[in-house]
Structures are given as C-alpha cells and as structure tokens.
Amino acid sequence: MASQAADVGTRTGWLRGVGAVHEEGWTTPDARRRLQLVLAGIWLLDAVLQFQAFMFSHGFSQMLGGTAAGNPAVIADPINWSAKIIAGHPTATNVIFAFVQLAIGLGIAWRPTLKLALGASIGWSLGVWWFGEGLGGVLNGAGGPVNGAPGAVVIYALLAVLLWPGGPDRAAPFVAGRFTGANVARVLWLVLWGSLAYLALLPATRAPKALGRMVSAMGSGQPSWLSSLDNHLGAFLTSHGPAMAVVLAVTLALVAVSPYLPRPAARAGVVLAVVTAAFIWLAEGLGGILTGGGTDPNSGLLLALVALAYWPLARAAWPAASQPGLVATARPQSPEGA
Amino acid sequence: MGGPSWLAWMFASVMIATAVYCVARLLVSWRQRRPTHQHVDAIHVLMGVAMAGLLVPRLRVFWAGGWEVVFGIAAAWFAWLAIREYRGQATVGGRPGHHLQHVLACGAMLYMLLAAASVAKAAAGGSATGGMAGGAAHFRTLALVLAVALFGSVVWNADRLSSLAPVAALAARAAPVLAGAGPGGGASFAAAGGDDSRSTPGDGGQGPAGWPPKVPLSPRLAVCCEIAMGVTMGYMLILML
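Protein sequence lines correspond, in order, to chains Y and E. Just so you know, the numbering used here puts 30 at position 30 of the first sequence, and the rest follows in order with no gaps. Just so you know, the numbering used here puts 232 at position 232 of the second sequence, and the rest follows in order with no gaps.
Bear in mind the hints are in silico, worked out from the structure with no lab data behind them. Positions of the beta carbon are idealized from the N, C-alpha and C atoms, including for glycine. Accuracy of the hints is not assured; some may be wrong.
[Stated by the list, open to error] A short, non-exhaustive set of chain E residues, derived as facing chain Y with CB atoms under 7 Å:
#, residue
1, P4
2, S5
3, E68
4, S162
Next up, chain E with everything else stripped away, as it sits in the complex (with noise of 0.2 Å):
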C-alpha cells in the first residue's frame, strides 16, 4: 500500500479500535440481550481486521484468498437481504438502504483484496512496480467509482448521525415501558419513542414473550464505525489510483 507507513499505522490503529468495539458490542449484546445488528457488527470486525492487514502487511492474520471467500459471502448475504428488503419481505436486519451500504463496503474490500493479489503475483514475477497502485491500474477508474459511492454512504449516515437518540435518551425513554410493562405489555421500543432503526424483533429488539425491551446498544457509534471504515476503505482505493 502506498503513502507514508505511519499513515497506514494510524488507519489501521483506527480500524483494529472499530474491530474491537465491535467484539465488544457483539459480547454486550450477547451477555445482556441488547439489541443491535449482530451481523452488520461481525462484518465490522471482519473488515477492520481485515483493512488493518492491506495497510500493515505485519498485521495480516488470515490466508492467502480467504479473505476473498469471506467478503464475497458477505456481500451475497448482504444483496439477499437487500433484495428481500425491497420485494417487502422480512429481514433480519431492517433497512435495505443500509444493507446496500454493506454491499458496497464487501465489494470494495473484494476490489482490494483482488488488486492486493495481482499485485503480489506481479511481484512474484519479478513485474511489480511497488505498491498496490502497479496492480490495480487496470481498474483504477473502478477504484475511484468505488471510493466515491463509499463518501456518499459517508456523508449520508453522518446526515443522519445527529437525528440518532444517544444511548442515555434511549434509555430515559425505555424507563417508562420498563416501569409499565409486565408480560404482554411490553411495547416494542421503537413504538415507545426510542429511535432504534436498527432494532427489529429478528435481532432482538424485544424480549421474548412480551417482556418489556432492552436498551440498544448505541447507534450513533454504530454509525461512526461505518463512517470510520468508509473514510478508511475510500483512503486505501484512492492510494490505488
């Protein structure tokens, strides 16, 4: 990867402290059932993990082509839920303008992870020119439509970050239902006020039989995380031009 090696250090710092929030959300959310979007938090930790080895090859933990493997599944899984989404069906994660984003994040990271290769093959063969850039210049226009469409999410979900109740409101606004709520009264939290988009109740955003609901885990960090990863994922296409 071109640039300054402390730059790559500091966005794969960047990208292992996203990973580990998101273990961590992933644990809290198991341990005391608060609602949150597992699956959009493990694909977070898969590509921080996973962006922090392309910036720091001494980071990269996973082998050759496994990463491939895993982004394509994820960016199918994320295109069906998408495509349920939009036909009106059930999904486990709620919003298909939101499942489009990952879509867009697993296939730029298949992109990089692709030019990465072709960039080590061409080394192997004694043709590289240095740096990810030789290997991807056959795609570089690609790269550039990729980072764009990824400041787009960027820009988009930081519009939407201050409309995003912090985890203190949400919870001041659970009390109520908390209070109220025995077996069979439990509203759902988004019907109390709280602002949970990402909560519905395949991933847990009500208790089981009626009990009153938990509080969700922030969505407003959940939305910095994907912030953090787009800023990151359009830094490492642009040094690919």
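The shape of chain Y in the complex, shown without the other chains (with noise of 0.2 Å):
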C-alpha cells in the first residue's frame, strides 16, 4: 500500500516539479486522463483549423463532395447533399463546424462535461467519416495508409470509445481496455491495424508509382523542411513503391497481433506502432495543416495517440482493484473513476 502510494507521488512527481499540483480536490491526471485532454487538444486544433479562410469558401464544399467519386450510390447521394447545403451556406455551416469541433475540444477538458462531450465525439466523428471524408476511401478502393484510410475522423470515434471513463475492467493491462475490457480493445486494435495492412496490398498503395505519387502529391504547399522530405521520400517510393507497400503491410501486420504477444513483445509492438504512425504522419504532410488548408492533422497523429493507449502497463501500476492482497491507498487520480 505504502509503495503504490509512494509510487503514485513518483510519477506525479514531474508535475509537483512544475507547480502544476496545487488545487484542492485536483487530481492529477492518470494516463487515461492525459490521453484524454491529448485528445482534446486536438480537437482544439481542429476547430481552430476550420475557422481557416479556405473553409468559407467553395473549395471547401467541392473538397467535401470529391469524396464521393467512386463511392456507391447510397453512400455518394448524401455526400452530394449535405455537399450542396454547404455550398449554399458556406459560412453558416462552417461556423457550425467549428464550434461543434471546439465544444467538443473544451468539453472533454472540463472534467463534468467529459462523457458528453466524448459522446457527442463519436456521433459527430460518424457523420463526418461519411458526409465529409467519404467513409475515408475504404469502398471506393481509393484508400491507402498514408492518404488518411480508413479515415482520420473515424479513429476519433475510436478514441472516445477507448478513452471512455469508468469501466469494468480494471484489471486491464492497458489503459484502451479498462472501459471495453482488455479482449475487445483487442479485437479493435487487430481490426484497425489489420485493416491498415490490407489497404497497404490495395492497387491504390501497391502499384507502380501509387504511393511515390501520394506522398509527393503531400509535399505541394508545405514548409520547405517537410516539402523537401516528402519529395524525397516520394521519389524512393517511386522507384520502390511494390516492395515498400508490401514492407509496410507486413508491418503493420505485425503491430496488428502485437496486443496478443507476452508484455515486451506488446510493448515492442506498440513502439513499432508509434514509430509506423510518425512515418505515416509525415507521409501525409501532417494531414495538410501547414498549408492552410487541412482540416485535421489526419490520421498518424491519432494512430499514434491509439498506439499509445495500448502502452502495455507495468503490473504495479495496475489499479489496485485488480490487484489481490493490495488495498487501494491513493484516491482515485481521475474523477471518472479511472
């Protein structure tokens, strides 16, 4: 008991160190609670990025009903709609947008609107995945790992889900299974990593020159420092585009069963995962958002923030719930019931 206090007020102890604990009845924030408020702040990011002058404007709506092409008539139609409203209402709907987007970000901050505003996340997350991103190019074969598949926004829904305060398993060896259960943050992690490797073996990324031309087309409008990486990368891929689809799908094939592999394994697993999400991150000219016209900072960013949520936890910092012979000491560092 004394030593998982003791070990508690270690790993506050950095936050101690800046001043950072000093309100009555404030807790510091768990690891759960931290990827929460990361999560926030991009979202933060997010609205602010929608209040871009490009987002008032045409272009904006046109992108928007781009993502349509290709898709089925079912899933195009409303893309096509909801695309004319804001072609027809280009400020108003993008004022909408992004005070959405910043009540989201401000609302998962403030710990008594945490679970509304998460909520609220995944519904929003949903409808963007379809009406703005085109189910982020999964049906119409478009999608690849480094153009955003199978969709930033909807790893956002993930992350909600994952992050989700309160749970049953609080013997979970991560923080993305304390909510779910360990066996289902399983299951979501083999299906969106899986489903990253098979994209990877899709035409779009795995013939000749796709995926050279992809991360080139990213470098257009960029800081010269990532405009000249992504050239440079653009151009090996193009020379070696097949085998380094194949490279990539072969590993993140193997961030994919990770989570099923003994604890230094995972945790080697989810520092490939986090080192595979930079890469893609990069390839995606950090979705765009030093050009002045990305929306969001796509999907490394938050594969990585995933990754991190499955950071294989050391037994000792395990909830003591699920620890016998342990007896909880420290109050609960997050008021959700972390």
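Need the complex rebuilt from these two chains, each delivered in its own frame; the hints are there to steer you.
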C-alpha cells in the first residue's frame, strides 16, 4: 500500500515539480485522463483549423463533394446532398462545424462534461466520416494507409470509446481496455491495424508509382523542410513502391497482432506502431495543416495516440482493485473513476 | 490577418471583453484589497488590447514596435519568476507551471507582432502576398508549434477548472475564519480550505498584520480568461499558416 502510494507520488513528481498540482480537489491526471486531454487538444486544433479562410470558400464544399467519387450511390448521394447545402451556406455551416468541434474539445477537457463531449464526438465523427470523408476511401478503393484511410475522423470515435471514463475492466493491462475490456480492445486494435495492412496491399497503394505519387503530392504548399522530406520520400517510393507497400503491410500486420503477444513483445509492438504512425504522418504531410487548407492532422497523429493507449502497463501501475492483496490507499487519480 | 472580417471582430470583441474584465479585477482588487494575481491580470489586459489590434487594425492603440518591447519584457519577467519558483525561491504569483504558460503566451505574442511587422514592411516594399500569412511563411512550423502548445495549456487549464471553488463557496468558507479570527488569529485563506491557489502572502492573500483574509477574486473566471486568450491566440497563429 505504502509502496503504491509512493509509486503514485513518484510518477506525479514531475508535475509537482512544475507546480501543476496545487488546487484543492484537483487530482493529477492519470494515464487515461492525459490521453483524453491530448484528444481534447486535437479537437481544439481541428476547431481552429476550421476557422481558416479556405473553409469559408466554395473550395471546402468542393473538397467534401469530391469524396463521393467512386462510392456506391447509397453513400455518395448523401455526400453530394450535404456538399450542396454547404456550398449554398458556406459561412453558416462552417461556423457551426468549427464551434461544434470547439465545444467537443473544451467539453472533453472540462471534467463535468467529459462523457457528454466524448459521446458527441462519436456521433460527430461518424457523421463527418460519411459526409466529409466518404468513409475514408474504404469502399471506393482509393484509400491507403498514407492518405488517411480508413478515415482519420473515425479514429476520433474509436479513441472516444477506448478512453471512455469508468469501465468494468480495471484489471486491463493497458489503458484502452479499461472501458471495453482488454479482449474487445485487442480486437479493435486488430481490426484497425489489420485493415491498414490490408489496404496497403490494394492497388491504390501497391501499384507502381502509386505510393510515390501519393507522398509527393503531400509536399505541395508545405514548408520547405516538410516539402523536401516528402519529395525525397516520394522519389524513393516511386522507384520502390510495390516492395515498400509490402514492407508497410507486413509492418502493420505485426503491429496488429502485437497485443496478443507477451508483454515485452507487446511493448515492442506499440513502439513499432508509434514509429509507423510517425512515418505515416510525415508521409501525409502532417495532414496538410501547414498549408492553410488542412481540416485536421489526418490519421498519423491519431494512430500514435491510439498506440499510446495500448502501452502495456507495468503490474505495479495497474489499479489496486485488480491486484489481490493490495489495498488502495491513493485517491482515484481522476474523478471519472479511472 | 486572414479569415472573414466578422470573425476577426468576434474574436477581437472577446479579447476586449476579457481585457475590460481584467481591468475590473485589478480595480476591485485594489479597492477592496481582495487577492488576485495583479501581474497576470495586467498582462491579460495588455494581451487583450494587443490581440484586438492585431485582429482588427482599426483597434490598434500603440506605436509601432511598442508592443514588442512590452511583451519581450513580460516574457523575461515571467521566465524569471518561473526559474525562481523552480529553484524553490519565493515569487510573486505562485506557480511556475502557471508562469511558464505566460512565458509561452508572451512568446506567441512576440511572434505574431514580429510577423505582422514583417508583413507591413513587405507590403511597404510592394512584395506582400496579402494578409499576415505571407509574412509568417518562413516560420509556419513555429506558428504551429506555438499554437499546439497553447492548446495544451488551454486543455490543462480547462481540466483544472472544475477543481476551483466558485466565489460563493470561497466566501462561505472564509466566513468562519472571518468570524473567528481577530488580530493575530487570521489563518491564511488556503489553510481555511479555500482554494486560492492564486493567492499568496506576497500578493495579498492575507490581510496585513494578522487581519483575516479577504475572499479572492474568482479564480474560475481568471482561468476562463486564460482559456479565452489561449483559444484566440491559437486561432491567430493558425491563420498565419
């Protein structure tokens, strides 16, 4: 008990060191709460990106309408319908979009509205996944791991579920499993990374020069360092595209099965996932957020956040309820009952 | 500054309202001797006015180069406070984490002002691309890094918000102290259970010579001001991308 309290104290020591722990009743965010706060920050970034001048232009509605191409009519028609509405009322609709995202971000950050905001983020994300991203190009065959498939915004919804407060499985060996349970969380991970591995093998990514063209296109309008990086990477992938697509698919498949492996291998899998996500994010040109026309940071950053939620915790860091013989002494670290 | 003009006016209005509120905090604090962080409120006043001027040029109230000097000094001041606090020395306002947020905010202000100045110079030379974005283009990544850091401080502040007691609760908690404390008996407000993390003896959290403490000005609204400032500053930085 004392050792656990000391452990908590040690882990929060750096926060005390910078003076962040002062308010009465304010508990230092635990791992899940910190990830929730990162998610909130990304929503805030999205909201402010939505306020850019480009989003108030007809270019934005055309961009949304473009995601309908190649999709089945049942998916494409509602996309075209919503794009027409946005084209007719670009200012009003965009202001609504921006403020909804701002409310979600602040709502996740403010503890009393956490559940409400996470719930709203799920609904909003699924709506945007359909009407704004055309289901991430999954159905039209245009989606690949380095162009945002299976849709960056659907990962927001996944994160909202994985980071939902409370949950019956306090014994979960990673944060993402506390609400859904470790087994369900592992299946979700397998589906996410496994689908990325599958998409890497589709012609949109594996065809000669496809990957190179995809990455080179991301360099347009970027700052010189990122443009140069994407252009060099694109040139390399143009000449080694199919082989690199297979390497990417194998890497993603290894990541997909890693939570089922023993803890050291699972940790290596999470590290590999973060590195792969960083590669994807750079290949995506950081989602175009430095170009003045990006609506969100795209999938790479969110994949890294998902990976962090699956970091295998040391047994000492598991909640006391999951460890027979240990009596909880420290206060719950977050009011949502983490 | 890019973006629709009405949106710039909206954010500028929020900043002016924040600045006016912080002026009111300073006045009330001075008149009623209620604890607050005067230097933080003062910098919020300056930031609110400066940001309103950046958002809407008609609202500019200072000479060219003046704001850069102000926020340069302010950044150095908050950095000094943060370093002193980190070393365990007494400072005027409490929390180095909090001070670092102001170092960040002052740094972001400096960046925006310098970028705006470079745009103005480029415009004078006939090479402007229109708006602030062209002038800031060389440092877009820095603008993004600053914006992300500001959003980090916004969510951190919002996370703390619910742990701060409202003024009514602070007053209720202070009442027993006020009733039971005579000269020499006034416990510090924090010791009485009040959540005045922003109140330190150095900034008036306790009355002089043992007099009972005053109810501090709303810490929640002070944090709300920081949130509003952070979101608006992040918006302005993103417009420079």
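**Study point:** Per-residue hint verdict: S5(E), partner chain Y, C-beta under 7 Å
**Key:** For S5(E), the interface hint is violated, since the closest Cβ of chain Y sits about 11 Å away, which is over 7 Å.
Review point. Does the CB of S162(E) sit less than 7 Å away from some CB of chain Y?
Key: holds, 5 Å
Check your understanding: Regarding the hint that E68(E) lies at the interface with chain Y, is the smallest CB-CB distance below 7 Å?
Key -> Violated. Min distance 24 Å.
Point to revise | Restraint satisfaction for P4(E) [CB to CB of chain Y, less than 7 Å] | key: Where the cut-off is 7 Å and the nearest Cβ of chain Y is about 6 Å from P4(E), the hint holds.
Figure legend: structure checked against the earlier numbered hints; hints not met, in rising order: 2 and 3.
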